[in-house]
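S.K.: Chains as they are written, first to last, in numbering that gives the first Met the number 0: chain A, 0 to 293; chain B, 0 to 399.
Computed Cβ-Cβ distance ranges for the label pairs, DEER-style: (1) B/Trp372 <-> A/Trp69: 30 to 36 Å; (2) B/Arg285 <-> A/Ile6: 51 to 57 Å; (3) B/Lys265 <-> A/Pro7: 29 to 35 Å.
The set of hints was computed from the structure by calculation and includes no laboratory data.
Being a predicted model, the structure only gives us computed values, none of them experimental.
Using N, Cα and C, we set each Cβ at its ideal position, and we do this for glycine too.
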Amino acid sequence: MSTVLGIPVPVILGQLTLGLVNGSFYALLSLGLAVIFGLMGVVNFAHGAFYTLGAFAALLGLQYLGINYWVALLLAPLAVGLLGVLVERLLLRHLYGLDPLYGLLLTFGLALIVQGSLHQVFGASGQSYPVPESLSGVLNLHFMYLPLYRAWVILASVVVCFSTWFVIERTPLGATLRAATENAPLLQAFGVNVPLLVAATYGGGVALAALAGVLASPVVLVNSHMGTELVIVVFAVVVIGGMGSILGAIVSGLVLGVVEGFTKVIYPEASNIVVFVIMALVLVLRPAGLFGRE
Amino acid sequence: MRSSRWTIAFGAATFLAAGPHSAHAADSVVIGDIDDMSGVYADVEGAAGADVINMAIADFGGTVLGRKIVVMTADHQNKPDIGASKFREWADQDGLNLLLGGSNTGVNIAMAKVAAAKKVPFIVIGAGGASLTNEDCTAYSVHYVYDTTALANGTATAMVNAGNKTWFYVTADYAFGTQLQNAASKVVETHGGKNVGAVRVPLGAADFSSFLLQAQASGAQVLGLANAGTDFSNSLKAANEFGITRTMKPAALLAFITDIHSLGLKTAQGLVLTTAWYWDLNDETRAFAKRFFAKENRQPTMDQAGVYSATLTYLRAVKTAGTTDGDKVMAQLKKDKINDMFTRGGYIRADGAMIHDMYVMQVKTPQESKYPWDYYKVIRKMSGEEAFGPVTGLCPLAPK
Numbered sequence: 000m001s002t003v004l005g006i007p008v009p010v011i012l013g014q015l016t017l018g019l020v021n022g023s024f025y026a027l028l029s030l031g032l033a034v035i036f037g038l039m040g041v042v043n044f045a046h047g048a049f050y051t052l053g054a055f056a057a058l059l060g061l062q063y064l065g066i067n068y069w070v071a072l073l074l075a076p077l078a079v080g081l082l083g084v085l086v087e088r089l090l091l092r093h094l095y096g097l098d099p100l101y102g103l104l105l106t107f108g109l110a111l112i113v114q115g116s117l118h119q120v121f122g123a124s125g126q127s128y129p130v131p132e133s134l135s136g137v138l139n140l141h142f143m144y145l146p147l148y149r150a151w152v153i154l155a156s157v158v159v160c161f162s163t164w165f166v167i168e169r170t171p172l173g174a175t176l177r178a179a180t181e182n183a184p185l186l187q188a189f190g191v192n193v194p195l196l197v198a199a200t201y202g203g204g205v206a207l208a209a210l211a212g213v214l215a216s217p218v219v220l221v222n223s224h225m226g227t228e229l230v231i232v233v234f235a236v237v238v239i240g241g242m243g244s245i246l247g248a249i250v251s252g253l254v255l256g257v258v259e260g261f262t263k264v265i266y267p268e269a270s271n272i273v274v275f276v277i278m279a280l281v282l283v284l285r286p287a288g289l290f291g292r293e
Numbered sequence: 000m001r002s003s004r005w006t007i008a009f010g011a012a013t014f015l016a017a018g019p020h021s022a023h024a025a026d027s028v029v030i031g032d033i034d035d036m037s038g039v040y041a042d043v044e045g046a047a048g049a050d051v052i053n054m055a056i057a058d059f060g061g062t063v064l065g066r067k068i069v070v071m072t073a074d075h076q077n078k079p080d081i082g083a084s085k086f087r088e089w090a091d092q093d094g095l096n097l098l099l100g101g102s103n104t105g106v107n108i109a110m111a112k113v114a115a116a117k118k119v120p121f122i123v124i125g126a127g128g129a130s131l132t133n134e135d136c137t138a139y140s141v142h143y144v145y146d147t148t149a150l151a152n153g154t155a156t157a158m159v160n161a162g163n164k165t166w167f168y169v170t171a172d173y174a175f176g177t178q179l180q181n182a183a184s185k186v187v188e189t190h191g192g193k194n195v196g197a198v199r200v201p202l203g204a205a206d207f208s209s210f211l212l213q214a215q216a217s218g219a220q221v222l223g224l225a226n227a228g229t230d231f232s233n234s235l236k237a238a239n240e241f242g243i244t245r246t247m248k249p250a251a252l253l254a255f256i257t258d259i260h261s262l263g264l265k266t267a268q269g270l271v272l273t274t275a276w277y278w279d280l281n282d283e284t285r286a287f288a289k290r291f292f293a294k295e296n297r298q299p300t301m302d303q304a305g306v307y308s309a310t311l312t313y314l315r316a317v318k319t320a321g322t323t324d325g326d327k328v329m330a331q332l333k334k335d336k337i338n339d340m341f342t343r344g345g346y347i348r349a350d351g352a353m354i355h356d357m358y359v360m361q362v363k364t365p366q367e368s369k370y371p372w373d374y375y376k377v378i379r380k381m382s383g384e385e386a387f388g389p390v391t392g393l394c395p396l397a398p399k
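Bound conformation, chain B alone:
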């Protein structure tokens, strides 16, 4: 008896956990957002990103082609299988028209395969791995905000040209970290620098001091941090505490404004990093940031600005093409120029990379910072072509 009661209880729990099932009517346009909503990357885009998607839809007027626009969100918990199966479920049962992919390269690579199978346009926002427009590219993928190539071209080039020639990397031990380290290594070598070594650190390590001492023992000039989120913040914090930043220059290969805010300027000052967008660039970015701040009580990251722009870009393409058919919308997306508060003159290349300006930034000192969230100064603006580099030929859609 007992066991059958357990079975019923578990069955009920599973049913409840599965959530309400809403098969959306064919008269709506369905946008999905699958992201890390509760883990280490949840502040980079996360729930606030979902709010931004709704903001973009409201700004667009709430309908397209006379159809209501509906948003669905899910937490992939940084697990590729969850991301991919959710995407498949929405495509099969809910008439999904567009998927916006949040953080985590591993999850996004898995979701790209679903996009190709289901012919649903898939815009990657938060993941960094450049493989998404190279060996993992699909005809339905767009990589919108930044990639590991652009990050390396920005930060590594600036650092090497400033005379910091020898590099040691502290790398997150998964797809994103290794792609970032490889991209940076290439840039360092091209500019006459030298890669001394690297240590691969499991994701979410509690303590970085041991790895940092190895970096210091290498005698390299630059501490290349090929990690992100909490890993990045904790490694930089420990590097300061152990006095490693006195002998080595830290290079943030990926840092978001939320990371800098967590660390504080005292720890982060002087850091060189690359970003697609910064809230305090011009009047348009400030206007968006003001709206965001009113709701979320913090400044938007480049991903949160990017997901706003991506949603509008997609809706405009649907409107122009007069259909939500995946192939036709993709063709339209690759024809359009993107001009909004996120970028000027951006365009989507044949391999899916959205080519747009990137900014090499330096974190201000506490004295230089005049008001809350006044964190970056622009060192250099890179054109999209320079940042993302020429097509590599690894993606069959864009032969060299």
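The shape of chain A in the complex, shown without the other chains:
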């Protein structure tokens, strides 16, 4: 068997694939964070909570209303996104113009409330969400067997990430959004409803987190803690990519998933800190992040 650095090639390809699956989640989540930070300047600590809520929305929808996976993929992000709009209109809006620390504290508090409430109602052990019938097979990639569902996660995430990037960077709507962040009063003078735009941005970023939650629900147990650990890694991903850089969030999400995957083979004990080590290095060598502008 051919090897690279003493690791068999099939193992390398296998870890590369699995890394891309995990990276897909990182990319989707960091994308939402980057959109919210880039366009609103809010450090959204509640992102993990919205991810968890997305998964719970799918689970409860299935259990109580018989909503299937494909419909949940659409409805759960919509419902959670609307909740995000409410949060922005009722709470966040009052903190604009203040130090970003206030937004961070508010969203951190929200995250604790959501997590605590879910824990109170559903307990800690979590529940299983079944893999949809049409995606329950296994793909033979010759170097490994990849569950069809994981392949779907990569595809869905890449498509959603790049469409989001395209909308924000390459369309008139995106141009308007960016203009709102550059000079809101001027844009408002042109007759654009800026508060609505900002609320929709937050709702959209939150909906991306919920979408990641629905995508994750058949892979992991749905429980109140699922977003807590993840959101910290995702913040590191955003910092590495460059705060607010959308392309940076997507690319560094996928790349860090792969790096983490290889760490799991070479030195598994370090797999949960490797992202933070890279973050520290990036902050020292290139404080604005890999894709950020100084």
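Got chain A sorted already, so can you dock chain B onto it with the hints?
M.R.: Coordinates of chain B only, in the frame set by chain A:
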């Protein structure tokens, strides 16, 4: 001005967070319960465990030696320093008479040191590490429900004897996981099996597929899961999804009934595991389970049954000894036989291990399961001596 207002606000917050301070009068018997109340192990014992302690006290009559019995609970958040400092605070300020230790071996090892320093009896319920009655033993510790030795003797022996000789472990990277893996490795070797390898996974990993593929690449017959709670459930779920369970037999070195319930029988069927107690063993266990279910809307775990039994065992010892003095109560505890719905003929050995029967179980298939929570069938009942093994001599209280 601004900074001084912040200082006041933080001061107030700290004061509020510290909670009401209740120095209990000397005329009450104080039982403390320090456990993971909000984290990954919160369903194993947690808040429901605290309810069970109160249930046991009510069943005992609410008083002992004419003194009222009071319960205090705290969340250790899986942090050894929090567990140890809470224990010390209660012992110093609240006249604590007994501490019941919940999940997490790391936290319980830290609390055992406080028990020795403060001479307060300390009954470990939810932690698994057998070191608590070996190198970390104290004269005031009791290990009540199960330990890593008993788990390995149950599950690993059953698996190896059924012809599954080669093992690869997916191990939680902390005290409990490594103790469990070591115990299982020893059993596998003793019975003529072979340990092929292991991968140590950080606690609370989000994705296990990478580690599982390494296990599969090892070519071993058995996938030894030396982890617990959400880690265990997520690793077994991924093993199913990646088709690893088609080539390897999973062995649950520690699984609670709540884990099996989360996973569902379709995923968990056929799994071999070891437990101290199961709700559907006999009329007495079913009677307890019925009371528990009425309050918590789920079946009790072995830890929740164990904490009920431990509370009553302690109160009986206090009553017989006629005192709450730590040394005298410990002497009494080590004399008594334990006969209740948790165990028959259980006893506490010199090193603190409570020796009682353990059950090797197999998870039923969805077809075999006839009613809700009908999850296990008994493969083998082990005597306490067989399960917990002879004294090792590592604890100075119990020389070999």
